[in-house]
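Student: Work out the full structure, taking the sequences as your base and the hints as a guide.
Number of protein chains: 2
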Amino acid sequence: MRHVLGFDLGGTKFAFGIVREDGAVVASGRVETLADQGPAQAVRRAIDGARELLASSGFRAESLLGVGIASPGPLDIARGCVDGSPNLPGWTGFPIAGEIGKAFGLPARIDNDANAAAVGEFRFGAGKGFPNMVYVTLSTGIGGGVIVDGRLMRGANGNAAELGHLTLDIKGPPCPCGGRGCFEKYASGTAIAHRARAALAAGHPSSLAALAGGPDKVTSHHVLQGLAAGDTLAKEIWDETIEYLGRGFAVIINTFNPDRIVVGGGVTAAGDTLFGPLRKKALGYAFPRLAAVCTIAPAGLGGDVGVVGAAACAFEAAR
Amino acid sequence: MRHVLGFDLGGTKFAFGIVREDGAVVASGRVETLADQGPAQAVRRAIDGARELLASSGFRAESLLGVGIASPGPLDIARGCVDGSPNLPGWTGFPIAGEIGKAFGLPARIDNDANAAAVGEFRFGAGKGFPNMVYVTLSTGIGGGVIVDGRLMRGANGNAAELGHLTLDIKGPPCPCGGRGCFEKYASGTAIAHRARAALAAGHPSSLAALAGGPDKVTSHHVLQGLAAGDTLAKEIWDETIEYLGRGFAVIINTFNPDRIVVGGGVTAAGDTLFGPLRKKALGYAFPRLAAVCTIAPAGLGGDVGVVGAAACAFEAAR
Numbered sequence: 001m002r003h004v005l006g007f008d009l010g011g012t013k014f015a016f017g018i019v020r021e022d023g024a025v026v027a028s029g030r031v032e033t034l035a036d037q038g039p040a041q042a043v044r045r046a047i048d049g050a051r052e053l054l055a056s057s058g059f060r061a062e063s064l065l066g067v068g069i070a071s072p073g074p075l076d077i078a079r080g081c082v083d084g085s086p087n088l089p090g091w092t093g094f095p096i097a098g099e100i101g102k103a104f105g106l107p108a109r110i111d112n113d114a115n116a117a118a119v120g121e122f123r124f125g126a127g128k129g130f131p132n133m134v135y136v137t138l139s140t141g142i143g144g145g146v147i148v149d150g151r152l153m154r155g156a157n158g159n160a161a162e163l164g165h166l167t168l169d170i171k172g173p174p175c176p177c178g179g180r181g182c183f184e185k186y187a188s189g190t191a192i193a194h195r196a197r198a199a200l201a202a203g204h205p206s207s208l209a210a211l212a213g214g215p216d217k218v219t220s221h222h223v224l225q226g227l228a229a230g231d232t233l234a235k236e237i238w239d240e241t242i243e244y245l246g247r248g249f250a251v252i253i254n255t256f257n258p259d260r261i262v263v264g265g266g267v268t269a270a271g272d273t274l275f276g277p278l279r280k281k282a283l284g285y286a287f288p289r290l291a292a293v294c295t296i297a298p299a300g301l302g303g304d305v306g307v308v309g310a311a312a313c314a315f316e317a318a319r
Numbered sequence: 001m002r003h004v005l006g007f008d009l010g011g012t013k014f015a016f017g018i019v020r021e022d023g024a025v026v027a028s029g030r031v032e033t034l035a036d037q038g039p040a041q042a043v044r045r046a047i048d049g050a051r052e053l054l055a056s057s058g059f060r061a062e063s064l065l066g067v068g069i070a071s072p073g074p075l076d077i078a079r080g081c082v083d084g085s086p087n088l089p090g091w092t093g094f095p096i097a098g099e100i101g102k103a104f105g106l107p108a109r110i111d112n113d114a115n116a117a118a119v120g121e122f123r124f125g126a127g128k129g130f131p132n133m134v135y136v137t138l139s140t141g142i143g144g145g146v147i148v149d150g151r152l153m154r155g156a157n158g159n160a161a162e163l164g165h166l167t168l169d170i171k172g173p174p175c176p177c178g179g180r181g182c183f184e185k186y187a188s189g190t191a192i193a194h195r196a197r198a199a200l201a202a203g204h205p206s207s208l209a210a211l212a213g214g215p216d217k218v219t220s221h222h223v224l225q226g227l228a229a230g231d232t233l234a235k236e237i238w239d240e241t242i243e244y245l246g247r248g249f250a251v252i253i254n255t256f257n258p259d260r261i262v263v264g265g266g267v268t269a270a271g272d273t274l275f276g277p278l279r280k281k282a283l284g285y286a287f288p289r290l291a292a293v294c295t296i297a298p299a300g301l302g303g304d305v306g307v308v309g310a311a312a313c314a315f316e317a318a319r
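Chains as they are written, first to last, in our numbering: chain A, 1 to 319; chain B, 1 to 319.
Bear in mind the hints are in silico, worked out from the structure with no lab data behind them. Careful, some of the hints might be misleading.
Where chains are identical, the list cannot tell them apart; a pair therefore holds if satisfied intra-copy or between any two copies.
[Claimed, not checked] Straight-line C-alpha distance at most 30 Å; calculated DSS-like pairs for lysine-lysine:
no.	residue 1	residue 2
1	217	235
2	102	171
3	235	171
4	102	217
5	128	281
6	235	281
7	171	280
Tutor: Have a look at this one:
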């Protein structure tokens, strides 16, 4: 079986792994991105980490098929670099794919992280057998990737499916993307934490501050913990989140008419607390005919989705 | 050269034509839909009209390749019928494609009107040479059709790209689709007329009522007339419309990363009054990297887009 090297660049972590063509992760590792220190140091440390991984796993770089890199968008695919990603300020123009490819002497391609995850889930995960599949990641931000009739929708320059920037409210807060009231401003992990902190600052009684060790330390995970413990504010924040997610997912259904929406990202740690009510809301708000053929399921690749998705893109490029 | 019969079903008109495989309309006609009188009478009269057209043009039905029908969605493509279209209440389940196909002894397929128009514009119109093209129609409602990498995005059951039901404001007015604050509630011809009438009813001074022969008779065309004549209210309504359109089009750009958006429908009669400011707003609100590769152009097929689009789908089905 053949192998590739997959890199998953995120705002906080830069993961990598050796992936087999059946989607299995043979070995993996990660370094901190330290995004605000710029791209050169992060790319250097990820390369070093991957080199050690190859060595310790007994792989030689020249035996691999290629390198895939998943990165937050927008990207300049042709030049292999980030191009204005709100989550990676200062990274625009740095030739990530070029540097990594050169380091290993292998062809390297970069793809939007959510697009790569969509390919990964479609080939190896919860989207297998669903030719019209939308992948949505609920994480620091919200990202998307769309499979149309079995093929990744890349768009004119590889940046399609910025689903976190669907609009929920054109009178809402401005977003670095240029829009207002974007989906991810309401329903991402960051947004959940932000709303909880704002409510605490406004004096809402809640156990969340104690749970987190301070009102400014509350994250979406504390909201989920509070929800499980019966905290009233956590319940309010979560219900709002489900409402926002339901509205956004209904738009996704009306736009793509998918047979499946696969949902990944940190917020899916909520499990049925998320998926039960989300299915009800999203399918209720969408056109009935489109809702009728759409299932909503948790991602199948777990924490490996970035690395496996990047690898899936590398396998596709190598065909 | 080969020919097909194209039908264009709308809420007010039911048009039809004989279309050649280079996209030329050899002959065409139309009847009133009288939508509230139900599907049977309308389909019957359209069939009769098309029969007369064939006879007067010297065509025999059996010499044609097939029939394409463009209809407002959502549809049940497999059963060839409307399925819950807000603009055709009471039509759900009537086998439009079956009845028309039977009448002419030809294979007949039904497609969402905007999807059909997208195929028509991509093959024969302003989308020629743009493999990642979005068609948007600004008419009674707002419809969409998306070409991904040269192929129509149909979705799981042929109902993809309900772009009139992108959300602009989740706290906005409810829409029959199940959502709230849908794009077409703000920027369709109907919405433009509605906002003008509401402003007149609220006592805004304007020449629009006189122009239309009464405040309740104002349409989007009167707003455009008033705009040209320097009417202040018309200017306000139009500026709002451009703002809404710019927001909606930015979402379309972020979602599909198109190389071209082709815009059709009655509202495009505004010409440069529409396209100039719309380009500026839409490209300004979208991610710069995606805006940079996207052009926005008026439809090339004019009033024939429905019939030619339906025909384009029939030609594709016959290949």
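Student: It remains to establish, for every hint, whether it holds in the given structure.
Tutor: Verification of the supplied hints:
| no. | hint | verdict |
| --- | --- | --- |
| 1 | 217 to 235 | within (18 Å within a copy, 49 Å between copies) |
| 2 | 102 to 171 | neither (46 Å within a copy, 51 Å between copies) |
| 3 | 235 to 171 | both (26 Å within a copy, 21 Å between copies) |
| 4 | 102 to 217 | neither (41 Å within a copy, 68 Å between copies) |
| 5 | 128 to 281 | within (24 Å within a copy, 39 Å between copies) |
| 6 | 235 to 281 | within (16 Å within a copy, 39 Å between copies) |
| 7 | 171 to 280 | both (27 Å within a copy, 19 Å between copies) |
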